[in-house]
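Undergrad: First to last, the sequence lines map onto chains A, B, C and D. For the first sequence, the positions run 1 to 357 when the numbering used here is used. For the second sequence, the positions run 1 to 357 when the numbering used here is used. For the third sequence, the positions run 1 to 357 when the numbering used here is used. For the fourth sequence, the positions run 1 to 357 when the numbering used here is used.
Since the hints were derived computationally from the structure, they do not count as laboratory data. One should not assume that every hint holds.
One copy or two, either will do: identical chains are not told apart, so a pair holds if it fits within one copy or between any two.
In the DSBU-like style, the derived pairs of lysine-lysine whose C-alpha atoms are separated by at most 35 Å in a straight line are [stated by the list, open to error]:
| # | residue 1 | residue 2 |
| --- | --- | --- |
| 1 | Lys48 | Lys114 |
| 2 | Lys218 | Lys114 |
| 3 | Lys69 | Lys114 |
| 4 | Lys218 | Lys20 |
| 5 | Lys217 | Lys114 |
| 6 | Lys217 | Lys55 |
| 7 | Lys5 | Lys217 |
| 8 | Lys217 | Lys3 |
| 9 | Lys114 | Lys20 |
| 10 | Lys20 | Lys5 |
| 11 | Lys69 | Lys217 |
| 12 | Lys3 | Lys218 |
| 13 | Lys69 | Lys218 |
| 14 | Lys20 | Lys217 |
| 15 | Lys218 | Lys55 |
4 protein chains.
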Amino acid sequence: MPKMKAAIFVEPGRIVLDEKPIPDVGPLDALVRVTTTTICGTDVHILKGEYPVAKGLTIGHEPVGVIEKLGSAVQGYREGQRVIAGAITPSGWSNACLCGSCSQDGAGTAHGWKPLGGWRFGNTIDGCQAEYVLVPDAMVNLAPVPDGLTDEQVLMCPDIMSTGFSGAESAGIRIGDIVAVFAQGPIGLCATAGAKLSGASTVIGVDRIAGRLEMAKKMGADHVVDSSRVDPVEEILRLTGGRGVDVAIEALGIQQTFEACLRVLRPGGTLSSLGVYSTDLTIPLGPFAAGLGDHKIITTLCPGGKERMRRLMAVIAANRIDLGAMVTHRFKLDDIEAAYELFGNQRDGVLKVAITP
Amino acid sequence: MPKMKAAIFVEPGRIVLDEKPIPDVGPLDALVRVTTTTICGTDVHILKGEYPVAKGLTIGHEPVGVIEKLGSAVQGYREGQRVIAGAITPSGWSNACLCGSCSQDGAGTAHGWKPLGGWRFGNTIDGCQAEYVLVPDAMVNLAPVPDGLTDEQVLMCPDIMSTGFSGAESAGIRIGDIVAVFAQGPIGLCATAGAKLSGASTVIGVDRIAGRLEMAKKMGADHVVDSSRVDPVEEILRLTGGRGVDVAIEALGIQQTFEACLRVLRPGGTLSSLGVYSTDLTIPLGPFAAGLGDHKIITTLCPGGKERMRRLMAVIAANRIDLGAMVTHRFKLDDIEAAYELFGNQRDGVLKVAITP
Amino acid sequence: MPKMKAAIFVEPGRIVLDEKPIPDVGPLDALVRVTTTTICGTDVHILKGEYPVAKGLTIGHEPVGVIEKLGSAVQGYREGQRVIAGAITPSGWSNACLCGSCSQDGAGTAHGWKPLGGWRFGNTIDGCQAEYVLVPDAMVNLAPVPDGLTDEQVLMCPDIMSTGFSGAESAGIRIGDIVAVFAQGPIGLCATAGAKLSGASTVIGVDRIAGRLEMAKKMGADHVVDSSRVDPVEEILRLTGGRGVDVAIEALGIQQTFEACLRVLRPGGTLSSLGVYSTDLTIPLGPFAAGLGDHKIITTLCPGGKERMRRLMAVIAANRIDLGAMVTHRFKLDDIEAAYELFGNQRDGVLKVAITP
Amino acid sequence: MPKMKAAIFVEPGRIVLDEKPIPDVGPLDALVRVTTTTICGTDVHILKGEYPVAKGLTIGHEPVGVIEKLGSAVQGYREGQRVIAGAITPSGWSNACLCGSCSQDGAGTAHGWKPLGGWRFGNTIDGCQAEYVLVPDAMVNLAPVPDGLTDEQVLMCPDIMSTGFSGAESAGIRIGDIVAVFAQGPIGLCATAGAKLSGASTVIGVDRIAGRLEMAKKMGADHVVDSSRVDPVEEILRLTGGRGVDVAIEALGIQQTFEACLRVLRPGGTLSSLGVYSTDLTIPLGPFAAGLGDHKIITTLCPGGKERMRRLMAVIAANRIDLGAMVTHRFKLDDIEAAYELFGNQRDGVLKVAITP
């Protein structure tokens with residue numbers, strides 16, 4: 001049985017590169033040889049033991065690669081084709097999927113719904129920080145990469161871009177809206193770009209790190225607010241003449257930014273939440289107008305599936321956005337433990353790393 | 001200067017019937033002789049000093065009456081016409097109104113938005129627990145009562161029905177949805193009715209009071225859950241085979257029911273919140289799926305304006321709902337202090353009282 | 001190779017009962033033993049040669065039955081289970097499906113879209129007017145029938161109810177809307193019921209046949225208009241005080257009713273079109289306000305898939321609607337040619353026939 | 001009584017500059033001294049007698065100016081302030097307005113709806129091709145011009161930009177959509193810009209005039225199609241690999257382009273229609289998929305009101321679009337007859353003219 005290298009969760013604090021068998025290909029699967037992948041903030045949560053996964057699982061949910069082998073029932077693709085798959089790999093047939101709610105895919109449950117059920121790679125099945133990854137429900141999930149796009153250009157599509165953009169999309173941003181985005185890590189930067197791409201006339205990026213604020217400007221922020229120097233709530237209210245913003249996007253996952261979003265919203269505004277929280281949240285009574293402010297709080301988990309990936313790559317191919325600049329560091333798969341060390345500690349101005357097997 | 005009787009807020013704990021001048025009628029106003037009005041839970045909050053209003057203010061925001069005098073610039077109505085006006089009386093011209101967000105009407109502010117700004121009666125201007133009420137922006141707010149409908153039949157339109165129905169409407173209930181409504185007071189009962197009227201195939205009403213659960217069945221609940229006897233979260237999960245509900249409506253305004261809503265939602269479900277809260281709220285991490293459950297939390301303040309009132313009265317005229325049964329007690333305006341005593345203490349199975357000057 | 005009886009299209013004018021092999025079951029398929037089915041107006045179009053299908057094809061797209069055999073890769077069902085499948089049987093994996101547009105399923109095309117592509121039964125694959133039907137993509141399409149519902153109670157779900165309701169749903173009917181439904185055949189009757197179920201306060205049913213107008217009242221019409229006796233446009237404008245309706249549903253498929261819909265719409269109203277047209281259509285300039293009336297014209301093809309079927313059966317199980325009354329005649333499969341003769345000529349007050357193999 | 005100069009409709013074929021009294025200012029009005037205005041294609045229809053207006057009416061509906069005098073009941077503005085008003089000047093209080101349908105404002109009708117009722121300037125009341133214009137319902141309609149924006153920069157907001165953008169907005173364009181815009185006159189150019197601003201990844205502009213195709217590229221078209229040289233339907237299907245577009249915007253108002261829109265739509269796509277038609281329209285059966293293609297046809301009349309104007313000016317102030325380039329010619333009001341001659345005959349590459357009193 002041929003072997004491959006894979007980054008495996010051993011126990012909290014330890015993800016190691018080890019050998020695993022190259023997986024068998026079922027009728028609806030595709031085996032993809034990974035050419036580039038990356039590490040996500042969620043992977044760091046897994047590493048730290050904050051998000052539990054099975055010991056021995058291969059980590060990673062952002063694959064770019066080449067089709068190595070197609071399942072017997074898979075049609076419409078050819079071996080050797082360059083593809084990506086989303087971090088979320090829906091089945092296509094659960095009740096959730098048929099409601100358009102693929103991320104909460106409950107394939108296999110009695111009623112067809114399961115929280116986060118669409119997230120399988122590196123969560124409930126082996127992921128893609130490896131030489132090969134088995135893509136389930138291949139016809140639902142494999143998206144061919146348009147000619148002329150490099151691996152790094154599409155590396156953000158599976159998760160970062162899909163999630164960040166969804167923060168703008170779920171909020172229903174309209175032409176002329178004022179939008180604040182709290183935190184300018186990779187997801188927040190993509191939310192900033194997505195807000196601008198959706199027609200917002202004012203996009204305000206908030207972060208504590210100067211390098212990220214610089215990047216925010218490149219991604220489309222009209223104003224940046226350094227929350228290490230000023231109170232971002234006061235500053236945003238000042239910038240908007242006391243009106244507040246139409247949409248506030250939370251892209252960090254902590255109480256402070258969640259609450260700040262509510263505090264800068266105009267009445268009737270929308271809080272679009274992308275962060276992965278690790279504690280209960282408090283909704284402060286005043287900014288919530290005691291429940292009478294016509295507020296909306298909307299959370300979105302990274303949309304997946306091949307059509308989503310196709311759309312995002314089309315946006316890149318049309319030069320609407322350049323996410324290549326987010327790749328600040330590159331590692332061989334052999335050195336992935338070092339990559340985790342760098343990325344997990346946010347050293348050296350890292351935004352995203354590219355891992356190449 | 002002719003005088004009229006009015007229920008006036010004197011200080012926390014005291015709303016008294018007193019005399020006031022009958023107001024002058026400005027060019028855009030209408031003076032309405034009140035024929036029937038009622039007391040709202042919000043009025044009890046005011047009475048208790050939990051919601052601050054100016055001393056001397058006339059309370060009440062649910063008027064049914066007859067046009068006594070029209071302002072010089074008001075067209076399209078005639079004196080003697082039977083009308084209602086919503087609890088929310090928008091200006092029609094603020095930026096909020098022109099965004100369709102009339103309840104957050106910021107007429108007079110620099111940017112046109114103000115939390116709860118559309119709520120004027122008994123909040124920022126004199127209300128309708130009086131012999132006469134001055135309706136501002138009359139052409140925006142006066143809705144003629146269709147022939148054949150009695151005062152009591154339309155008495156719920158200005159607030160209770162508009163608010164309760166909006167809980168179903170804001171949630172975007174679709175044909176075949178499963179909906180739970182937490183608390184079956186007047187607002188919750190109307191939310192129950194609104195959910196059924198929107199096509200929900202299963203409506204589950206929750207309360208602790210047997211009489212209210214009985215009324216819930218009349219208003220359209222398919223199942224009722226007595227939360228004094230069973231854990232409503234467990235019961236609803238049982239009723240739905242573990243799936244949870246598509247929409248949960250909060251109609252009480254406390255942490256317990258807010259949280260229960262989240263706990264019974266399927267992934268991707270919507271919490272539609274109507275309650276007036278008096279404390280910060282906690283969002284528990286687990287039911288919120290750490291922010292990854294594609295949840296929506298939507299709050300709605302009672303929609304107002306004459307078109308809203310017209311629609312609601314059309315629903316009643318078409319016999320889609322009978323809210324007359326909610327009027328459990330009747331008082332003369334002269335006895336309104338007794339009415340407050342009864343209603344404020346929820347004695348004698350009271351749902352709503354009718355007050356007739 | 002075992003044989004079964006099936007109603008087969010031979011040539012325009014001839015659908016005959018003949019023998020065919022019972023089909024083989026592929027890995028994702030399910031073989032269903034049909035217990036009840038029916039004939040649709042579309043089948044009559046096929047019979048007349050107005051809608052072309054391949055010679056030798058088994059007709060019929062409304063199956064109720066029992067699972068006879070499951071494909072090797074199908075999970076979550078058991079043989080012997082009572083099920084229905086929609087007239088539209090999406091793949092679940094085309095780009096169209098992943099956009100929520102399952103009826104235009106382009107599985108197998110380069111880009112994933114195909115007009116009417118989701119309609120396979122009795123169109124591009126063998127249908128269900130037979131002893132057995134092979135259901136493709138079984139996990140996407142098989143919906144278990146709730147205990148206690150008879151075959152005839154759910155017989156309208158696969159097409160008539162799904163289509164009729166979608167006329168109300170696609171129009172975005174809101175509580176209090178005024179809706180006119182042109183033609184009260186089976187689809188129109190379900191549109192009438194769907195409009196009422198969506199909260200319309202006034203539903204106006206139009207037809208030329210007295211028996212259908214009677215049925216329209218049972219299905220929820222508040223007013224019926226006999227277009228053989230009065231001009232329905234004039235009558236509807238009279239009923240609405242010159243205002244017109246918020247939504248007009250076309251359920252016949254001819255120029256006259258399409259145009260009448262536009263003529264009764266208020267400015268900004270929605271024409272929801274369900275009819276299958278057989279000629280070009282004309283939009284008259286005046287009622288269309290020269291393109292400046294903020295009108296919407298929306299067409300909808302019967303939504304399918306198991307989640308849709310589940311919802312519709314839940315509506316029936318909750319006693320929100322009784323469609324059993326639409327079955328006016330019953331035939332054995334052996335007599336299906338007689339059933340076509342009766343139904344195709346609309347004799348004897350027929351609404352729908354039940355066919356039992 | 002002081003006089004002013006105004007461009008007046010005398011009879012079909014004759015719009016002349018003449019003197020008129022400066023209008024009196026009612027309590028809710030504002031008198032605006034016009035500093036810049038322009039001529040619209042609709043004005044040319046009026047000139048030719050194709051759209052009837054009263055003899056003696058002042059023409060023009062795109063005002064930029066300075067507040068000369070405020071009505072006694074108008075608050076929130078000051079004399080001397082620079083403002084614009086939309087081509088559509090809603091009342092704010094009709095039932096249509098309260099439904100968010102301001103363009104179909106039926107203020108003064110029994111039911112509150114009137115086709116095109118929101119369009120008053122140069123249609124039912126005196127317009128702005130004059131030294132002064134009386135703005136009705138000033139608090140609904142006056143939008144202050146942000147500092148730093150010139151008259152010409154905001155001259156397109158009242159009509160051209162509002163209409164063109166609405167073509168994109170009403171279609172619900174999503175990030176990654178493919179959009180075709182038929183005709184690249186001023187409205188079509190703004191639709192092209194609006195489509196890009198809404199996140200479309202591919203915008204295809206169609207016209208017969210080389211100069212307009214050049215401008216289309218500047219406004220955001222990724223591809224331009226010269227319909228004088230190639231069949232645009234074939235070309236667009238070629239460009240999209242046979243898939244068709246998600247949204248097609250009609251910006252001319254003739255059968256040929258309306259029909260071409262349908263022919264290039266993917267199944268389930270949206271035809272967003274902006275053109276003012278002068279004949280009945282034909283919907284061809286095939287491209288309409290016999291009514292089964294899940295198509296949407298949506299028409300939109302220029303959205304108005306001060307909040308709309310504020311948003312559009314915010315988009316310009318944020319440098320999201322530069323419409324100044326559309327002003328190809330400039331005239332004094334004294335020479336407006338020459339401006340009509342040039343613009344009406346589309347001579348000299350004219351896109352828009354600026355008229356300064």
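Undergrad: Now tell me, hint by hint, if it's right for this structure.
TA: How the hints compare with the structure:
no., hint, result
1, Lys48 to Lys114, "within (24 Å within a copy, 45 Å between copies)"
2, Lys218 to Lys114, "between (38 Å within a copy, 34 Å between copies)"
3, Lys69 to Lys114, "both (30 Å within a copy, 28 Å between copies)"
4, Lys218 to Lys20, "neither (41 Å within a copy, 54 Å between copies)"
5, Lys217 to Lys114, "between (38 Å within a copy, 31 Å between copies)"
6, Lys217 to Lys55, "neither (41 Å within a copy, 51 Å between copies)"
7, Lys5 to Lys217, "neither (39 Å within a copy, 49 Å between copies)"
8, Lys217 to Lys3, "neither (45 Å within a copy, 53 Å between copies)"
9, Lys114 to Lys20, "within (29 Å within a copy, 42 Å between copies)"
10, Lys20 to Lys5, "within (6 Å within a copy, 53 Å between copies)"
11, Lys69 to Lys217, "neither (42 Å within a copy, 43 Å between copies)"
12, Lys3 to Lys218, "neither (42 Å within a copy, 54 Å between copies)"
13, Lys69 to Lys218, "neither (40 Å within a copy, 45 Å between copies)"
14, Lys20 to Lys217, "neither (43 Å within a copy, 53 Å between copies)"
15, Lys218 to Lys55, "neither (40 Å within a copy, 54 Å between copies)"
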